[in-house]
Amino acid sequence: MSVFDGLKFRKVSSPIHNLDPRIKFFYVIVIFFSAILFNQIIVLLTLFLMTIPFVLLAHVQKEWLRSLRGAAFLAFFIFIVNIASSYFTSGYSLTANQIESAIAMTLRFIVLAGSFSVFFLTTSPDHLGLALEQSHVPYEFAFAFTTAVRFVPVLAEEAQTIMDAQKARGLEMEKGSFLKKIRNYIPVLIPLIVSSIRRSLELAEAMESSIDH
Amino acid sequence: MIEVENLHFIYPSNVEALKGISLNIRDGEFVAIMGQNGAGKTTLVKHFNGLLKPSRGFVKINSIETTKTSVAELAKNIGFVFQNPDHQLFSETVEEEIAFALKNFGFKEEVVKKRIDWAMNLLGLSQYRDTSPFLLSGGERKRVALASVLAWNPNTLILDEPTIGQDHRQKENLRQFIIQMQTQKKTIVMVTHDVEFVAECNPRVLLMRDGEIIADGKGTDILTNQELLTKSSIVLPQIAQIFQELSCFGLPQNIIDIYDAKNILIQILEKKK
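Taken in order, these protein sequences are the chains called A and B.
The first sequence lines up with residues 0 to 212 when you count with numbering that gives the first Met the number 0.
The second sequence lines up with residues 0 to 272 when you count with numbering that gives the first Met the number 0.
Check before you lean on any hint, since a few could be wrong.
Listing some non-contacts, in silico: residues in chain B with all C-beta distances to chain A over 12 Å [to be verified]:
id	residue
1	Ser21
2	Ala71
3	Asp85
4	Leu88
5	Asn154
6	Gly164
7	Asn172
Below are the BS3-like pairs computed for lysine-lysine, each with C-alpha atoms no more than 25 Å apart in a straight line [claimed, not checked]:
id	chain 1	residue 1	chain 2	residue 2
8	B	Lys52	B	Lys67
9	A	Lys179	B	Lys75
10	B	Lys185	B	Lys217
11	B	Lys67	A	Lys180
12	B	Lys67	B	Lys113
13	B	Lys59	A	Lys180
Listed below are several chain A residues computed to face chain B (Cβ distance under 8 Å; list not exhaustive) [as the list claims (entries may be wrong)]:
id	residue
14	Met49
15	Pro52
16	Leu56
17	Ile161
18	Ala164
19	Ala167
20	Arg168
21	Glu173
22	Gly175
23	Asn183
24	Ser194
FYI, nobody ran anything at the bench for these hints, they're computed from the structure.
Even glycine gets a Cβ: it sits at the ideal position worked out from N, Cα and C.
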């Protein structure tokens with residue numbers, strides 16, 4: 000669950016942590032749209048490298064690298080799917096262009112994961128909610144968004160407990176063929192989804208019973 | 000046999016959860032691990048089936064170090080029932096839920112069937128064979144989780160907070176069940192806050208605080224030691240409280256069990272007659 004670790008906010012003081020969350024949010028949005036608009040490797044690489052000074056300035060390199068390591072699996076998956084689809088659709092051959100576009104796709108994902116990770120690592124959910132409200136985002140949306148962010152670490156911890164519980168019943172997550180490995184996640188995902196739904200129902204009840212809504 | 004020697008454990012977040020734990024748990028023993036939240040109880044027992052590996056020191060299960068084998072291999076001997084059954088139930092029926100671990104461990108089809116019947120019988124779940132575990136009550140879900148672990152008949156059973164959310168009758172059933180496991184020479188390690196339940200069972204008690212064991216001994220000695228219990232934010236069991244309050248009448252100080260208490264009171268009352 001190292002992906003989630005890379006999204007967990009820890010209270011420290013750095014120039015980046017103290018920035019107005021709206022500026023950071025704007026930066027992330029700009030990166031997001033640039034990464035979507037361009038698919039040249041050089042541009043995407045520049046976007047990626049642009050994030051690194053912020054990471055170093057915020058002293059979150061350890062957590063940031065951990066989240067990238069978590070994203071690496073998905074990035075690899077994206078790369079393979081891209082390569083495979085262009086290989087099969089273009090009559091069992093690969094051109095340099097196709098490989099390049101597969102690399103660009105993968106890089107695009109890494110850029111997005113990296114920039115969002117910096118944002119969440121350096122912005123507390125409270126500041127985020129405040130910033131959204133001040134930017135005239137309707138309260139309902141701001142609340143839903145900050146609640147979602149706040150529950151990420153809770154969910155990560157729960158996922159770890161569930162994995163432990165299933166491992167204790169002899170589940171070996173890394174064993175078997177590729178398909179078997181995917182199937183191994185079912186005993187983890189179902190309890191996680193069920194308990195998330197339970198929790199959201201409880202949260203809704205708690206909110207309804209408080210006067211403040 | 001569980002051997003723990005100078006066990007240290009540091010979480011990735013740099014919290015030192017265990018600070019040099021050494022202890023032995025012999026086969027067939029019944030141990031309750033008590034202490035306040037964050038004392039390291041669950042962290043300690045997660046070392047027994049290899050879910051966590053020591054940062055320093057070692058844990059040996061039947062003379063094999065946990066670092067030299069897998070969780071799945073250790074789990075064959077050590078059954079771990081988690082606190083919240085919702086963290087493990089995922090199947091469509093109770094029967095499939097119990098079969099899950101058996102299939103993971105590679106039992107044969109006929110054996111799986113027999114084991115399911117046996118476990119369901121033991122915990123009174125037979126009528127729920129085809130019911131979805133999600134439709135059962137909290138107490139029943141807890142029993143399904145327990146059955147799914149018992150099914151492969153591990154030698155050691157680790158119970159994490161087994162009494163939470165259970166009513167009085169269910170607790171009594173659990174106690175009877177533990178006694179039954181004891182007669183089969185199973186090792187039982189129970190992590191709990193429930194001082195009354197521990198007093199009724201009267202096992203060996205390990206008291207933890209801030210990642211260290213501050214006391215290890217008989218329930219009657221530890222659960223009547225006011226000083227130790229205060230340190231761990233535990234209150235005396237009610238029986239011990241009464242007997243200590245009435246110490247001026249010459250009542251013994253190390254009583255936690257209802258039946259012992261009854262016998263002593265009868266003796267005193269008989270003398271008065």
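Hints and how they fare:
1. Distance check on B:Ser21: its Cβ is at least 24 Å (rounded) from any Cβ of chain A, clearing the 12 Å threshold; non-interface status holds.
2. With a least CB separation of 5 Å from chain A, B:Ala71 falls inside the 12 Å interface cut-off, contrary to its annotation.
3. For B:Asp85, the requirement that its beta carbon stay farther than 12 Å from each beta carbon of chain A is not met, with the minimum near 5 Å.
4. Consistency note on B:Leu88: stated as away from chain A, yet its beta-carbon is not over 12 Å from all of that chain's, at 6 Å minimum.
5. Annotated as non-interface, B:Asn154 keeps its C-beta farther than 12 Å from every C-beta of chain A; the closest such distance is 15 Å.
6. With a closest Cβ-Cβ approach of about 14 Å to chain A, B:Gly164 is found to remain outside the 12 Å limit, as its non-interface label requires.
7. A cut-off of 12 Å between C-beta atoms confirms that B:Asn172 is not in contact with chain A; the least separation is 22 Å.
8. Restraint check for B:Lys52 and B:Lys67: the C-alpha separation of about 10 Å stays at or below 25 Å, so the hint holds.
9. A distance of roughly 21 Å separates the Cα atoms of A:Lys179 and B:Lys75; the hinted pair therefore holds under the 25 Å criterion.
10. For the given pair, B:Lys185 sits about 19 Å from B:Lys217 by alpha-carbon distance, which is consistent with the 25 Å threshold.
11. Restraint check for B:Lys67 and A:Lys180: the C-alpha separation of about 23 Å stays at or below 25 Å, so the hint holds.
12. With a C-alpha separation of about 32 Å, the suggested pair B:Lys67 and B:Lys113 falls outside the 25 Å cut-off, and the hint is violated.
13. In summary, the hint linking B:Lys59 to A:Lys180 is not supported, as the alpha carbons are separated by about 30 Å, beyond the 25 Å threshold.
14. Violation of the interface hint for A:Met49 is found here, the shortest Cβ-Cβ separation to chain B being roughly 29 Å, above the 8 Å cut-off.
15. At its closest, the beta carbon of A:Pro52 sits 26 Å from a beta carbon of chain B; the interface hint therefore is violated under the 8 Å criterion.
16. Interface restraint check for A:Leu56: the shortest CB-CB distance to chain B comes to about 22 Å, outside 8 Å, so the restraint is violated.
17. For the restraint placing A:Ile161 at the interface with chain B, the shortest Cβ-Cβ distance is roughly 5 Å, inside the 8 Å limit, so the hint holds.
18. Taken as an interface hint, A:Ala164 checks out: its beta carbon lies about 4 Å from the nearest beta carbon of chain B, inside 8 Å.
19. With a least beta-carbon distance of about 4 Å to chain B, the hint placing A:Ala167 at the interface is held under the 8 Å criterion.
20. For A:Arg168, the suggested interface contact is upheld, since its CB lies about 4 Å from the closest CB of chain B, less than 8 Å.
21. With a least beta-carbon distance of about 10 Å to chain B, the hint placing A:Glu173 at the interface is violated under the 8 Å criterion.
22. This hint is violated: A:Gly175 has a C-beta 11 Å from the nearest C-beta of chain B, more than the 8 Å allowed.
23. Interface hint at A:Asn183: violated, since its Cβ lies 10 Å from the closest Cβ of chain B, which is beyond the 8 Å cut-off.
24. For A:Ser194, the suggested interface contact is upheld, since its CB lies about 5 Å from the closest CB of chain B, less than 8 Å.
Going through the hint list in order, the structure does not satisfy hints 2, 3, 4, 12, 13, 14, 15, 16, 21, 22 and 23.
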